[in-house]
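Quick note, the sequence shown lines up with residues 1 to 441 if you use the numbering used here.
No wet-lab data here; the hints were simulated from the structure. Note that the Cβ used here is the ideal one computed from N, Cα and C, for glycine as well. Treat the hints with caution; some may be incorrect.
Stated by the list, open to error - Within a straight-line C-alpha distance of at most 20 Å, the following computed SDA-like cross-link-like pairs (lysine to any residue) qualify:
| hint | residue 1 | residue 2 |
| --- | --- | --- |
| 1 | K175 | K143 |
| 2 | K143 | K174 |
| 3 | K210 | S232 |
| 4 | K370 | S387 |
| 5 | K346 | E140 |
| 6 | K174 | R233 |
| 7 | K18 | D329 |
| 8 | K56 | K174 |
| 9 | K6 | A422 |
| 10 | K105 | K56 |
| 11 | K243 | S387 |
| 12 | K18 | D77 |
| 13 | K346 | R233 |
| 14 | K282 | L343 |
| 15 | K47 | K282 |
| 16 | K370 | K425 |
| 17 | K370 | F415 |
Said to hold, decoys possible - Per label pair, the in silico range of CB-to-CB distance:
| hint | residue 1 | residue 2 | range |
| --- | --- | --- | --- |
| 18 | K174 | K69 | 20 to 28 Å |
| 19 | K6 | P130 | 20 to 28 Å |
| 20 | S5 | D99 | 29 to 37 Å |
| 21 | K86 | E15 | 40 to 48 Å |
| 22 | L42 | S369 | 49 to 57 Å |
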Amino acid sequence: MLDQSKNNLSQQMYEFAKKIFPFPRSLTGDGVRQTLQAIKELLPDLKIHEIPTGTKVFDWEVPKEWNIKDAYVINSDGLKVIDWHKNNLHVVSYSIPIDTTVTLKELKEHLHSLPDQPDAIPYFTSYYRPTWGFCMAHREYQKLRDGNYRVVINSQLEPGHLTYGDLIIPGREKKEILLSTYICHPSMANNECSGPVVTTFLCRWILNQKKRRYTYRLVFVPETIGAIAYISRNLDALRQRVKAGFILTCVGDDRAYSLMPARKSGVLPERVARHVLALVLKVPYTKYTFLERGSDERQYCAPGVDLPVVSIMRSKYGTYPEYHTSLDDLALISPDGLYGGFLATKTAIEVIEVNETFKSTVVCEPWFSKRGLRAPLLGGTTLTPWSALVSNVMAYSDGEYDLLAIAETIGCSIFDVAEVAATLKQNGLLERVRECTPKPR
């Protein structure tokens, strides 16, 4: 059972997901702005930026802006067989405007459905190839009869802007922890809403931490092109400052936990994520490989960028049956699922904040008992768990093992190791050293 404060937070996140769920998001346009404005209501210091169409961002170019007001298909009886207002997945994202009458055969050339999921409306896009199209449940597709159909898509595809938001929260150190999420998919709950929701509430939690060690960089971008554009504008700062980063996506259901590592294995956030899931939260999880990537880890970990960025997810994108369909709705996520996604990344942040590297101030093993740090179990020489932990932390504090490496070696939570290290430091037995590359386990 969650305590009341967790229940409140869980429900607040779910209510925020409900609020932003219906917004007509795409790579660009007013749906993205609407989403960012909703986030800004909870994060007033969020800065919103716009990049003009045609701007070169590395090998890419910012596309035209797309907005849509209405779309439908009417049969020869005057009935709407597809209505964008009922579900904004009905229209292929970035469809060009059209108002014409077509035959059923011509219409079917522009229809998309899923025979294996007859009740699901699929999500299709055509960002960089001008065309038009509709998506519908296959069960409804099978009901279409010969005749003429009026097709209307009241959209605009013209020069405009790509919109994104970011927020820097300063800490004692300039090194940064990056949290990035995307705001470009229409009404899908786990694949879209969960990421911005959990990121927003993580940001609110970070703002309430008064003794922040690290600086935090929160980024809300359209997936792929938005991340590329953001990196192109901030590459030097990201390279110099980012100590660890996390992509927040698919963090709202309560079926599973998943880990997507960085391109380079063994980076700090991957070590942290493994530790959090296995030894702190003690939950089973699936570790994927970078060959199974699919979100903005592609951009942050790309050659020439090479940031230490991973994703701690619930059910990974592309692995659950509702993915990229209308079945990824508000019933798929839950308050508990969102809280689980929040807790995993929050705990990872806490691990990074507490992780340090120490070395012994004495040569050889110190005299623990005179400091009250060694207590054998009564009637024998076996140490109490606390005294054994003291001895083990001391044994590996050589200036090359960080606390996380020690915790991994011992097989316990870093928070227990950090508590012991603090005691040893208070007793003059440890001193902090500058960061180093920890020894492998």
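Right, here's what the structure says about each hint:
{"no.": "1", "hint": "K175 to K143", "result": "violated (58 Å)"}
{"no.": "2", "hint": "K143 to K174", "result": "violated (60 Å)"}
{"no.": "3", "hint": "K210 to S232", "result": "violated (32 Å)"}
{"no.": "4", "hint": "K370 to S387", "result": "holds (13 Å)"}
{"no.": "5", "hint": "K346 to E140", "result": "violated (43 Å)"}
{"no.": "6", "hint": "K174 to R233", "result": "holds (19 Å)"}
{"no.": "7", "hint": "K18 to D329", "result": "holds (10 Å)"}
{"no.": "8", "hint": "K56 to K174", "result": "violated (29 Å)"}
{"no.": "9", "hint": "K6 to A422", "result": "violated (29 Å)"}
{"no.": "10", "hint": "K105 to K56", "result": "violated (40 Å)"}
{"no.": "11", "hint": "K243 to S387", "result": "violated (33 Å)"}
{"no.": "12", "hint": "K18 to D77", "result": "violated (35 Å)"}
{"no.": "13", "hint": "K346 to R233", "result": "violated (27 Å)"}
{"no.": "14", "hint": "K282 to L343", "result": "holds (12 Å)"}
{"no.": "15", "hint": "K47 to K282", "result": "violated (37 Å)"}
{"no.": "16", "hint": "K370 to K425", "result": "holds (15 Å)"}
{"no.": "17", "hint": "K370 to F415", "result": "violated (25 Å)"}
{"no.": "18", "hint": "K174 to K69: 20 to 28 Å", "result": "violated (45 Å)"}
{"no.": "19", "hint": "K6 to P130: 20 to 28 Å", "result": "violated (48 Å)"}
{"no.": "20", "hint": "S5 to D99: 29 to 37 Å", "result": "violated (53 Å)"}
{"no.": "21", "hint": "K86 to E15: 40 to 48 Å", "result": "violated (23 Å)"}
{"no.": "22", "hint": "L42 to S369: 49 to 57 Å", "result": "holds (53 Å)"}
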